[in-house]
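Chemist: In the order they appear, the protein sequences are chains A and B.
Once you know that position 139 of the first sequence is 139 in my numbering, the rest is easy, because the numbers rise by one and skip nothing.
Once you know that position 82 of the second sequence is 82 in my numbering, the rest is easy, because the numbers rise by one and skip nothing.
Keep in mind the hints are simulated off the structure, nothing from the lab.
Note that the coordinates shown come from a computational prediction; the quantities given were computed from them, not determined experimentally.
Treat the hints with care, as some may be off.
As the list claims (entries may be wrong) - Computed list of chain B residues with no C-beta within reach of chain A, every gap over 12 Å:
no., residue
1, Ala16
2, Val190
3, Leu275
4, Lys319
To be verified - Facing chain B, according to a computed beta carbon distance under 8 Å, are these residues of chain A, among others:
no., residue
5, Ala4
6, Pro88
7, Thr139
Glycine is no exception: its CB is placed at the ideal position from the N, C-alpha and C atoms.
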Amino acid sequence: MRNAFGHPQSVLVLGGTSDIALAVVRRLIDARTSTVVLAGRDDAALARSADELRAHGAAKVETLVFDAVDPSSAGSVIDQAFELAGGPLDLVLVALGLLGDQAANDDDAVATARMFTVNLTWPAAALAALRPTLLAQGTGHVAVFSSVAGVRVRRANFTYGSTKAGLDAFTQGYADSVRAEGIKVQIIRPGFVRTKMTEGLPEAPFTTDVDAAADTIVKGLGGTSTVIWSPPVLQAVFVVLRHLPSMIWRRMPA
Amino acid sequence: MIDGTEELLTGWGNTAPSRAMVRTPRNAAEVVEVLEGTTGPLIARGLGRSYGDASQCAGGTVLSNRALWHLSPIDPSTGLVTAGAGVSIDELLAVALPAGFFVPVTPGTRQVTVGGAIAADIHGKNHHVDGSFMRHVTSMTMVTPTGVVTVTPDADPALFWATAGGMGLTGIVTEATIRLLAIESSYVTVDTERFDDLDTIMAAMQSGDAGYRYSVAWVDCMTKGPRMGRGVLTRGDHTPRAALSEKQARSPLAIPAGPKLAVPFTPPSGLLNRLSISAFNELWYRKAPAKRDGEIQSVGTFFHPLDGVAWWNRLHGTKGFLQYQFAVSDDHGDVVRQAIEILSSAAVPSFLAVLKRFGPGDPGPLSFPIEGWTLALDIPVGPPQLPSLLDTLDVLVAEAGGRLYLAKDSRVSAELLRVMYPGLGALADVRRRIDPDGVLASDLSRRLELS
């Protein structure tokens, strides 16, 4: 159960090896979280993450392997996650995704389709599968990792950006569909965060490290805003960037 | 099965909402029907005045006790009355006062049901003299998953006392027989005294409370420095008929008036902030007399100041609020000071705190009072440092052998609760006996791993 501050007792992470999601979960364990289910693609990496969370103080950490290239698996992954948790799940973090290499994606139909499947189709299917379960348990909180890259899509990563734009839009409607039922759904829009996903890439303005991003996100999860910007200043920055003329925007550096 | 409606419920603090099927049985037979129609989780709910998640049951059934409403005549020689669990203290007083009786234990609001009063084993301003609510209950009828039982302190003491403060986790109380207090008038003779700091107010309570049936101190948690914990102490007892004024004597057993004002909607959080609360506390302190003895007040004014404004809880805004209430023994009265110090030095807005003396506690494994002190503070949700600040306070309280009041709690950890209530094993034993399949559970019991 969530407490008065929204601190969950049990958490499911879809994309259970995400650096930012794990940093968020560590902070939630410091508060009230005792049960964690980590679901992801890489069995060995999940096991390492699970060990790390146990060492951090989680009483029960379970892992679940799935591959997001197959959207028909989404329903069974959600079912298995609840079984492993052995009770209600108070918070579901949707943190899976591929960043991809835009230059390689530009002319590659298969790679582009895969990006959309993993980043948008599978998470949307999982959210749909999750919906009746959340309604039945009478309480719940879902936080979906979007990205500022989806707020206004750039030449430099438009495949990734547009998958996130789709997921962001889907989640907005999804949030409205369950709001009156007491289910809280939030969208997390991080800027550039130094993680293993972004290793080696040139840093954008307002780059943060994982801990700073996690602090902002945890604070946002306890709040009432539907969108959590990390760092928060990006909300104001994007008010401006969204309205830049296209001729300037398309010249934005990589 | 009787009809139900899906409802989104919170406690009085408006935090952590959850959805449940609410069913409202009209008698014990219908309660049995509801219990038999579900595998759980299920919990009873009265007027929803517990601050946290005690009467919520996400994804399960919430059994409203409000239609379990019947009232026997009051036995004029013994003061015994049998009331349905859904009868509120307000409704009971409306019948008892004109007959010359008072409810022996009443909290700061009349808007709690008999069932809720038992589930929380509520206390009033007279705990140091009269103990908590269950001490005045002679018998209860309960529906448990294993059957309908009549429970008295002698017939099944383990179940009786596990139900005292047991937050509904031992069954559904359908009616209770309560011994009322005979009174001559519905007025209270009150002595009021203002104190400039916490030490003097605590010393005055320790030395003088025994001379009064009712005693409560309101303490200002927003003032720092030497005047930290300044407050107003009000103490009194029921006014004898002979002491009433001519006007009061014309209706010596008047019943308290309903609320004159109501908060119509929930404003955004932040209306009650450090500035507005400090200003309120200042005003309130200044309007109290430095010392005034023998003032005759109505029951409503003295006992239930919060009932003057309906839905006052909404003032704390959409994020909701919580009440932090703990009890510590006399040996650890310093925890009261530390708690106020921690809150007044942190940037946490807190309304007036209520400080009371407790007499010896009840034997219930979850019954809250322990002999010594209890302090209760309302705090709006919002300040980012609040969760960890309260966690720090929890540790202080637990290390002092003290405990939190579950009727108020919405955030303590399951681990520390076990330290605060070492007798929880007795509750588990009773639950294994009367609820072997674990049907009875609330959001609170799941959060605190009691079910």
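Chemist: Would you mind marking each hint as holding or not holding in the structure?
Modeler: Here is what the structure says about each hint:
no.: 1; hint: Ala16; verdict: 5 Å, violated
no.: 2; hint: Val190; verdict: 34 Å, holds
no.: 3; hint: Leu275; verdict: 21 Å, holds
no.: 4; hint: Lys319; verdict: 6 Å, violated
no.: 5; hint: Ala4; verdict: 4 Å, holds
no.: 6; hint: Pro88; verdict: 7 Å, holds
no.: 7; hint: Thr139; verdict: 4 Å, holds
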